[in-house]
Structures are given as structure tokens and as C-alpha cells.
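The chain contents come next:
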Amino acid sequence: MDRIRTADELKRLRDSIVAARDPSKPCIAVCGGTGCRALGAESVTAAFKEEIAGQGLEDKIDIRMTGCHGFCERGPLVVIFPETIFYHGATPDDVPEIVSETIVGEKVVERLLYEDPLTGQKIVHEPEVPFYKRQKRILMGKNGLIDPTRIEDYIALDGYQAAAKALLEMTPEEIIDTIKRSGLRGRGGAGFPTGRKWESCRRADGDVKYVICNADEGDPGAYQDRSLIEGNPHAILEGMIIGAYAIGAHEGFVYIRMEYPLAMHHLQLAIEQAEEYGLLGENILGSGFDFTVSIHRGAGAFVCGESSALMRSMAGFAGEPRAKHVHATEKGLWDRPTVLNNVKTWASVPHIISNGADWFAQMGTEKSKGTMVFSLVGKINNTGLVEVPMGITLRELIFDIGGGIPEGKRFKAVQTGGPSGGCIPESLLDLPVDYEKLTEAGSMMGSGGMIVMDENTCMVDVARYFSNFNRDESCGKCTACREGVARMQQILEEITHGRGREGDIEMLESLSQAIRDASLCALGRTAPNPVLTTIRYFRDEYEAHIRDKRCPAGICTDLIRYSIIPEKCTGCMVCLRNCPAEAISGEKQKVHVIDQDKCIRCGICREVCKFDAVKVE
Amino acid sequence: MEDMARIDAIIADYRGKTSGLTTILQHIQDEYNYLSPQAMERVAEKLGLPLSQVLHVATFYKAFSLEPRGKHLITVCLGTACHVRGGVRLVEQIERLLKVRAGETTPDRQFTLETVNCVGSCALGPVMIVDGEYYGKMIPSKVERVLKKYQ
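As you go down the protein sequences, you meet chains B and P in turn.
Using our numbering, the final residue of the first sequence is 617, and nothing's skipped along the way.
Using our numbering, the final residue of the second sequence is 768, and nothing's skipped along the way.
Because the hints were derived from the structure by calculation, they are not lab data.
Hints should not be assumed to be uniformly reliable.
[Said to hold, decoys possible] Taking lysine-lysine and the PhoX-like style, the derived pairs with C-alpha atoms no more than 25 Å apart in a straight line are: (1) B:Lys-588 - P:Lys-759; (2) B:Lys-477 - P:Lys-679; (3) B:Lys-610 - P:Lys-754.
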């Protein structure tokens, strides 16, 4: 491929890619996100290729493995363009039928269509599926359209046009002003205004400056950054080019979590292809601006998502945060002025440059503009990634888009903001989601993870889980965090084992205050949030554990017992055979009994029983 | 036992790069599956760093193992979504079957059991991964069958 030297050449390349395509030619897009791959998307794609070759249809149909479409619950997803016919749960066995019926015969395969659980109606087209209907997929939208391993797919959809506009038509000050007016705030969690960050870095003294993309997505239950890098890596590179030009940096880094091998692979390919086209490297698009990007693989430490720890880690040290009286925009990576932004922040930049600050600022709430990508996970029907304007209510997110709670169970709480966030109860479901409102509720935006919990989730156990997490991930530098969180975890462990004492709740509250006051970085300062919010909204559950030695949700193993309901037991021997502790006795067609002294409360008997004859209390 | 000439070559590849230490250790870990005392001493010596600094990095990050790992790596996701769907019970079941604790390797070096904070496959939770192969919507009673495939 030839280097693109001017904006005109970029436009001509786009036009030639588009012209070479026949818009009416069917294209089968198989979702290739990590979720769908785990469900078998690769064998579905292989089956399509084989079937198409077998029928001699290679020239008539395109097949493409795209990035994540977001509806992970129903994977592997197959979308047929141009009609956007949406099939879910496809297997290699379905492939011949899809090709002969839908592609050749132009008929839909009813059984693979999504059925609206409320109306029972079959839905044919992707945008009409309720999960997608309420979304505004600005960042995620292109994921389903492009093959992330081909830069041409991105260029065909006006990729790198924003970079061309920024580099050739705008001054750095104009770019910064546009970003400021758009109201874009950091999507990594804290929500610092991006334009202001860029401005202070531009003003900082020094010839050598850096930009970093923080892709160390550590919050459990959040995977939108991974999906964006996997599905549309060029959008992030394009954002970084614009940002680097605005602040005067010539080198950029993407710090990416080691658990994301596919994202790393796609990003590496994207960098190589952008370099070959001259969209990275020297004199980009004839602007005279030079910029390169390289990948830094994380080594597995949650705290490295914190900016100063990340920069320490990149320099080859243990990732310990430092005090921030001097900002990274003045002294960051290798003590040079540095702008660090989250994946979603960088990916928002090209859209703002192309469409203008006002377009972006009209979406969202007064102080939180634009869209946010959330991961809806846990006890929810439609697990997946959703992109919505800021300000949508939790109820709309969880019930209208997420489809509510499985098995007709009752919603109990939603956890936002990862280990720094908190649990928000049912009474606050109408809360509009933005940075300020979540903070007021004792939680935070974080990187957009939303873990939904139902009546069978024990909130004390959740608090213990997060304290455990924060204890393990504390870097150990600050005493309050290292010792305080460990002590908090111990108390919660005792409570969940039925050894809680009066005064424990008050002790947790007072420890929380000390940890907040005396920790250097956000990990420590926010570590009490999961504990404090569960105490604030679910105090009765703590009291049940402490006073009555009872776990109302039936989770804490020391406080529950499994038993067999004689009326329901058919004596089928399945539980008896599966019990790892040999705690179940009985004979064929006679009621079985669980020996409470031997029972280890693993719950396998309940899981394997086909007659619902095992109860937990 | 690793070949010291190979270790030296890895170190030479990253010479002069400021981020060297972590990256070198990652590279050695990738090739040998663990960091031996000899390898760490060599890195310290060649980079002119105190051994304590090398150990600090080697013990700080989860990517590094100071002991050889098993032939098969079992990773159980304990992200929040997997946790609320019963991920811990999977770990307990594997611990019972293999008679090791999370973080340990079986004496015959066949399996290493590890937990991870989130692999981002929340729709499939609880998830376990064996040698890169994903097993979604796992329940404890299915674990034995999965492990048999690798025994």
C-alpha cells in the first residue's frame, strides 16, 4: 500500500474503497468479540466460509468477522447486511440453512430471530431489537460494521477524516477549545474535564511530551474498553493523534491489560497498518506533524489503572502511586508533561472534531455530556455492552434495555464504579446516571461497569468481596489502605462466618473514615465505598448476620443449611452420586437425607436435582 | 533450567530502554513459565540493579510466578459478575478435585489453579479457562468432566 500524503489522497482512497464495493451485495457479519468467540463464533465463521465456497458463492457474498456488537448474552451473533437481519445463538449447524434460506432464498430463518420476551414478537432487524433500540451507539456503532484487522474498513467509514481536519485545518488551541466546549470528561472514572487536562499539558514547559491511553481496564465486570480496542482500534489511534497534536507530543503509548490478548493483537495490527499508510509516523498527511504509538503490556496489577502508578509501571518499577501535588500534565511519564486518558475518552475525540462541540454537548446532562458505554452484567437478562446518553435512569438501563432480572426474581441492587463504587438500592432506580448523581448516592461512575444483583445476592458478602479485592490489590504504600482495608476485610469475613459482634458496623464506619482520610490514591480513598453503601442501604442484612447469625440471601455458607424436601424427593440417587462430601444417604426410590455434619454446603445437590427437592435456608 | 545465554539475549534486546526491567521479566516469564532465582540474579547483575529491586517487581505483579507452573493452566474468573453467579464455588470444587489451593500447582505439575479478577466475559459467567479455552456458564458439577479432558 502507498503512503497517504495529503487529505485529498485520504479522501480518494476512501472513495475508491467505497466504489469497489457493491452496497447491495450481502455481507455476513459474525461478531468476533471475546464473548462471542468464547461461545464459538470462530467455528461459525469457518462454517460460513466453507459453505460459501462449497456453493461457489465467493463472489456473491462477503463474510466479515467484526468487533463486539454488545449483545453478549445471545452470542454468537450474526448480522446480514444490507438488511441488518439479526440472528442470535448461531451454531455451525445453522450455517447451511442461513446461506440457502436467507442469502440465496431471501427468506428469514424464524427460529434464529430474537423474540421480544414481553410481546412474543419475532424481530428481524438488529436496530429494532429492544436491547439496541434505546441506545445511542456513537463509540460502539462501528464495531459491528468493520473488520478490525483491516484499516480499509475504517477508512471507508470516514476513518481518519477527523485527524485530517485537526492536523490540517485547526490549530492546537482550536482543538483544545473544541474539546473544552464539548464538555467531554474523562471516561476512566474520575470525570476530569478532558479539554482542561490537555490545555495544562500544552502550557507546561518542555519539548518532550507524551500521550497515554489507559487500557488497564481493571474494574471487575467492565469490559467496554477491551471491546472498543478489539472492535475498532483505529478510533483510539485517531483520537490519540489529535490529542498529541493538540498538546505537542510526538510519542504515545497504550498501556493495556495483559488479560486482553485479542485486543493487544488487533491494536498491534492497527498500528502497523496506520504506519504503512503514513497515518502514524513522520509528517502525517503532509501536516509536518510526527507521531508514533507503541503498546505497553501490563503485568497484572489493578492499581496500575491509577495514572501515577501506571506511569511508574511503564518506567519499569512496581506500580505505586505518588502524591499528585504536581500533576502528570507537568511531570508525568519519565517526568515529562503527559496526558493520560481512558480508551473511551480517546475514542470520543474524533467524533467531536468531526461533528463539532455543540453536537456532543447537546447529549447528556448539565455537567455530564455525551454518551457513556456501560457493561450490564450479573443477574440480568440481557448481559452486554450498551451505549446511552448520560442522564438515562438506572431503571431504563436495567429494565428497558437490560430486560430485567432473570427467573422473575426481585432486583436488589446495582453495583457501579467497580471496587471504588457502591451498591445502589431499588429506591434509587430512577436516579439519572451521571458523574455527580452517582457520587451523591455514595458510588461513582468508574469505567462503566454495572453489576446487577437480585434477592439471592448477599450484600455483606458483596462488601466482603470488594474488601478482599482491595486488600489484595492495595500496593501497600500507605498504612491506612494496607492495614485498614485488611482489617475491614477481616471484620467482614467474621460477619459472613457468623462470628460478627455488636459494634462491628460502627468499627467498619470508623475504619472507613480513616482509610479515606489517610490514603494517597483513589484506590485507598474509595476502598470503603462498597462497605459504606451496603451499610447505608442494607443495614438490616448486616444486622441479620451479626445478631441472628442468619444470611437472608442464602449465600454465606456457615449460616445456611441444605436439606431435602421429602415430598419432592424421588430417590433418583443423582445428588447422592454427585455429593463430593458423601454427605447424602438414601436408596433408590427412597427419600434421601443430608448429613449436616458432613455437608460442606457446596450446593451441588441443589444444582443437579431435577425435582427442586433441595432447599437452602 | 533455563539457558543463561538465552536470558542474556533477552536482556540485550531491551538494553537501553527505560521500561526494561518489567518487560525483560515478562519476556522471561513468557518463555520459561516462571522466574527462577538464577534468572532474576542474572537480570539484576546485567542491568546493574540491586536484586531487591528485581524481586520487588517480580512479586508485585501477578504475571510473574516464582515457581514453575503446571502443564495446564486453569484460570477461574472471580470478577463481580462471576462472583454473584457463584464463581467461588467453582474454585472450591476444583480445589477439592485437584487437592490444591488457588495459586498452587499439583505435585505432578499437571495443573496450576489461578483466579483472576475479571476476564471480561461476564455474559458467560461463571467462567473458567483452561489453557486459553473458555468454559462459560459453569457449575461445580460440570468441573470434573472438563478437567478429565486434560488429564
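Taking the hints in turn, this is what the structure says about them:
This hinted pair checks out: Lys-588 of chain B and Lys-759 of chain P have alpha carbons roughly 23 Å apart, not beyond 25 Å. Simply put, Lys-477 of chain B and Lys-679 of chain P have alpha-carbon atoms about 17 Å apart, close enough for the 25 Å limit, and the pair holds. The straight-line distance between the Cα atoms of Lys-610 of chain B and Lys-754 of chain P is roughly 18 Å, inside the 25 Å bound, and the hint therefore holds.
Violated hints: none; the structure is consistent with every hint.
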